[in-house]
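Below, each chain spelled out in residue letters.
There are 4 protein chains.
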Amino acid sequence: MNKSIFRGIIAYPITPFNDQEQIDIPLFKRLLERMILAGTHGIAPLGSTGVMPYLNDEEKEALTEATIAQVAGRVPVLTGVSNLTTERTIYHAKFAEKTGSDAVMILPMSYWKLNDKEIFAHYEAVAKAISIPIMAYNNPATGGVDMSPTLLKKLLEIPNVTMIKESSGDLQRMHTLRKDLGEEVAFFNGSNPLALGAFSAGATGWCTAASNLIPELNIGLYEAIVKNDLKAAQILFYKQLDLLRFLVEKGLPRSIKAGLELMGEDAGQLRGPLKPLAKEEIAEMKTILDEVLNFSAPLRFSEHDPRVHNQ
Amino acid sequence: MNKSIFRGIIAYPITPFNDQEQIDIPLFKRLLERMILAGTHGIAPLGSTGVMPYLNDEEKEALTEATIAQVAGRVPVLTGVSNLTTERTIYHAKFAEKTGSDAVMILPMSYWKLNDKEIFAHYEAVAKAISIPIMAYNNPATGGVDMSPTLLKKLLEIPNVTMIKESSGDLQRMHTLRKDLGEEVAFFNGSNPLALGAFSAGATGWCTAASNLIPELNIGLYEAIVKNDLKAAQILFYKQLDLLRFLVEKGLPRSIKAGLELMGEDAGQLRGPLKPLAKEEIAEMKTILDEVLNFSAPLRFSEHDPRVHNQ
Amino acid sequence: MNKSIFRGIIAYPITPFNDQEQIDIPLFKRLLERMILAGTHGIAPLGSTGVMPYLNDEEKEALTEATIAQVAGRVPVLTGVSNLTTERTIYHAKFAEKTGSDAVMILPMSYWKLNDKEIFAHYEAVAKAISIPIMAYNNPATGGVDMSPTLLKKLLEIPNVTMIKESSGDLQRMHTLRKDLGEEVAFFNGSNPLALGAFSAGATGWCTAASNLIPELNIGLYEAIVKNDLKAAQILFYKQLDLLRFLVEKGLPRSIKAGLELMGEDAGQLRGPLKPLAKEEIAEMKTILDEVLNFSAPLRFSEHDPRVHNQ
Amino acid sequence: MNKSIFRGIIAYPITPFNDQEQIDIPLFKRLLERMILAGTHGIAPLGSTGVMPYLNDEEKEALTEATIAQVAGRVPVLTGVSNLTTERTIYHAKFAEKTGSDAVMILPMSYWKLNDKEIFAHYEAVAKAISIPIMAYNNPATGGVDMSPTLLKKLLEIPNVTMIKESSGDLQRMHTLRKDLGEEVAFFNGSNPLALGAFSAGATGWCTAASNLIPELNIGLYEAIVKNDLKAAQILFYKQLDLLRFLVEKGLPRSIKAGLELMGEDAGQLRGPLKPLAKEEIAEMKTILDEVLNFSAPLRFSEHDPRVHNQ
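Residue numbers (the working numbering), protein chains in the order written: chain E, 1 to 311; chain R, 1 to 311; chain P, 1 to 311; chain Y, 1 to 311.
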């Protein structure tokens, strides 16, 4: 088994804005607290869910500080510090470390598709500037570059690059990571509809924004896997699958906002050009969410439900 | 649970040829027998592995008869009867039924990409002409058309279309089948490297040519799943993964032939334009196979590890 | 300039069937004659348009003989002889030569994706068995394998492989062929909506089923290119583009049949599983065809129309 | 014909940095001047070539001002103002207008894939804030979203969205734009290897960084098209094709820098994580460039070269 401080469900908070499209720190903290109380195993501010690329430097710093203050050491914190330029990435990585993050997550953001040499040098430069661990994050869809397993393996030679997050949504990639990197390397799944497949393939954790809405189901799936109970994991996964797909299809910031509001929570505003879901989309989400929440309710209380736990 | 007569490991024999590129029925029977003795749960002649599309009508009939004779009722037989025209598909389906096949497998072969209406009518016409069950087979790579889950669902309305085989290699497709079709419909995985993911997603069986080489490992994986032992399934899957990938990458007829020969079995010749693997490819396969067989050996004899062994 | 006997518009006839799904030779000849009289520069029976893969050996032979008899030397004949096995390809190539074809067209049909070595050996074996020229045909969508420019270049080392037909629909592929193979090699475009782009890139000819419906517009486009009149070529191309796209989208055998019937011609039946276009599709085609034919009419008579010819 | 103030070759300058990775304005102006003197028909600062997304607000403003000052009204200026947020896009668009740009170019940059409604609102908000024309820029590879012809058509309903730049590299998209939008709408090609195809399809201009290196060949191609001389256009295009492909394959900022240096020009440094081409890549480029420049030389002086002009 690997020795990563991160494991299980790593929750990604959204970044709420007020009516003037300014970040709303008190609301951010409140939404964070919900996920900590629900039992998630780690918190990751300034991810895609937190619309990090749409924020300026001051806003990123304020959210980093707010996270550390609110989490207060209860779970490890993984701060997103990705930036198009190496200089800015280093700047934010140092800030994250100084402020108390347990690790940083770095996506090789690419407007111009970076080659392997450039990506390696980018990670190396950041790694030298900080002492905390780095999670190398592969997400071709948002990052614009697909890091091969070979490159990921090479990145792990940099001493403090110790974790990998895969969001390409390709199960074979997970298989390759596990085969090539060995069991001691922690790899995390960032593709929500792949949660069951990735855990079945041996993933250490699941990085998910779904924990803004259904942390119990996310955690339940992970716990079934830990207990080696595939049948329970299947039941739990299929219960949340429609919601996971909806979240991905509509975009996490938009759909998490809509879901929170459907659950009676204030989720603030989005920053333009992002816009709230349309009425029909919200109605569709309500149907999905109603079905999911109805099921998940007993999970919170009944440890012995024969449907979801074996012996 | 579904009531399919097929489940577990459905083994796909190759079609061996002699030096004049004529089919070698005695050798075909001998190779078939190996897989039956190894404990596979079903036999599927005239699949892609058996190079069905490269055979003329007489050859297909001879192989169908040979299979029924050799299997002799020990396991169910699933005969491939796909053809570009509806008329020929019906012809071979009727022959398969008459000869004693338990079911037929039909891929909607497409030179001209068929539309949904045409595919449905094609299956319906064949279904009306026979009484045994039909497995609808989706394999965009070889069939040239990708049947959507919606179409597959509609095909299941035809009374004797009762099984689905998915070879698109897309785990999400498996999830959708399970969600949309419900647990009572049997779906089978035809993508070798997806074996663990598909079983984790709830597949009823695995259609595989790998059982020509490593039937014990294939069966072991299935049995671990039946026992709800994901950890054992992972160990068994990762042991065979490199071989499964090699088989797919090099093409099943070529790589199964090479593997059988590496194991000391006569596998006959291929029919042109297919050619044997190159020397370097065979050497690569030897390395992979040595590692896999070395591991699988104890599986045959050590009966007491409850997680990873059958019997 | 290359010395190919083929150039310009190579017309692909459909294969009409009667109500019992048997080939209708008299109708086939009548449809062929229309295209010869319209002035097309070559005739290519047993192509995709002629549903060659859906025919048995006897039918292929009958259609080959009927073509040679009807064309009677007025234009060169390019006969399709592609088959999954090398043995059958040789058989049909020899038949085509014996019957009087000027050249044969060979697609490396692949159920099992062929590697470069296999494809080369396949072409070489056929080439050795005949004396007439071979057109190597690349069509990843129907053939199942994409021959790289490097492989195509190598195929041209076989003495009687002298022409290339590209149907991948990728303009860059055309550019590469022209750059790599030089101006002396004849390459033909088989992607209808790429007709203008391919001619602009230097293609020697256009292999098209559209000449069943709009031979004048096809020929007009080619003649504008020959006259170095790009502006006229643009006007002619954009006039036929909607129809070309419709033909491709709906599948050539189905849409050519519908178009012929809309123009008052008998086009016979299709062979199952292929079915006629739906009523709405035919209505859509009527609108497109009306607009195109309306325009193309004056082209037949007015050589000096200032819209389509300069100087 | 459309009435766009832009036509022909729109040149994209690089943004040079000094050894401390700070922008080098004097060098930027010098490189700009080369392209103006060479006869390009427009200048577009702050494009992808100019690594706009890697610059902070102050740097963008300095480059905008430097361009206007240097161009001094000799050719129209098209300033890139794309930004992930609507608020920042408006800010830079207003700055571009105030400083004297003739038009702005806007790519719907997407970290989160924007939907059509969001994209329309984004353009509309910027359009309302300025009076100069907007070029809507589609580049799925760098922008992360592919605007359909339908959406582009809708964007043109916004009064000052008057031009479209297509960099998807798909010739069919060009055909669709011309068919759907009509001849009065100016569409520009942003895919270098598609230059001949796009002009043949009717493009109004070509947005290219290649004019940093071979403006004469770029201009020559355009002029051949204007003269309706396809044969000359073909010769000129095939001469520059290898270089155009190299530029795209290696990334414009890296390859333009290398090319300028090979031609004896100072091109400054890149900003990290972008790195210069490797030695082997530069050697490969030298071979390509030598061949191209050797040919292009006479083009500058001999208007009557029989190889490139007809009549």
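Any given hint could be a false lead.
If several chains are the same, the list does not tell them apart, and a pair holds so long as it fits within one copy or across any two.
Said to hold, decoys possible - Simulated pairs of lysine-lysine, PhoX-like, Cα-Cα distance not exceeding 25 Å:
| no. | residue 1 | residue 2 |
| --- | --- | --- |
| 1 | LYS275 | LYS113 |
| 2 | LYS128 | LYS154 |
| 3 | LYS227 | LYS239 |
| 4 | LYS239 | LYS3 |
| 5 | LYS279 | LYS94 |
| 6 | LYS179 | LYS98 |
| 7 | LYS117 | LYS286 |
| 8 | LYS154 | LYS227 |
| 9 | LYS239 | LYS29 |
| 10 | LYS179 | LYS153 |
| 11 | LYS275 | LYS128 |
It is worth saying that the hints were derived from the structure and are not from the lab.
Hint-by-hint comparison with the structure:
1. Within a single copy, LYS275 and LYS113 get their C-alpha atoms only as close as 28 Å, which misses the 25 Å cut-off; across copies the closest is 12 Å, which meets it.
2. In this assembly of identical chains, the alpha carbons of LYS128 and LYS154 lie at most 25 Å apart only when taken from the same copy (16 Å versus 49 Å across copies).
3. In this assembly of identical chains, LYS227 and LYS239 lie within 25 Å of each other by CA distance both inside one copy and across copies; the values are 19 Å within and 22 Å between.
4. In the homo-oligomer, the alpha carbons of LYS239 and LYS3 lie at most 25 Å apart only across protomers (23 Å), although the nearest pairing inside one protomer, at 31 Å, exceeds that limit.
5. Taking the shortest alpha-carbon separations for LYS279 and LYS94, neither the intra-copy value of 42 Å nor the inter-copy value of 33 Å comes in at or below 25 Å.
6. In this assembly of identical chains, LYS179 and LYS98 lie within 25 Å of each other by CA distance neither inside one copy nor across copies; the values are 35 Å within and 47 Å between.
7. In this homomeric assembly, LYS117 and LYS286 come within 25 Å of each other (Cα to Cα) only across copies, at 22 Å, whereas the closest approach inside a single copy is 47 Å.
8. For a Cα distance limit of 25 Å, the shortest separation of LYS154 from LYS227 qualifies neither inside one copy, at 33 Å, nor across copies, at 38 Å.
9. Neither within a single protomer nor between protomers do LYS239 and LYS29 lie at most 25 Å apart by alpha-carbon distance, with minima of 29 Å and 46 Å respectively.
10. Taking CA atoms no more than 25 Å apart as the test, LYS179 paired with LYS153 passes inside one copy only; the shortest distance there is 11 Å, against 36 Å between copies.
11. In this assembly of identical chains, LYS275 and LYS128 lie within 25 Å of each other by CA distance solely across copies; the values are 19 Å between and 39 Å within a copy.
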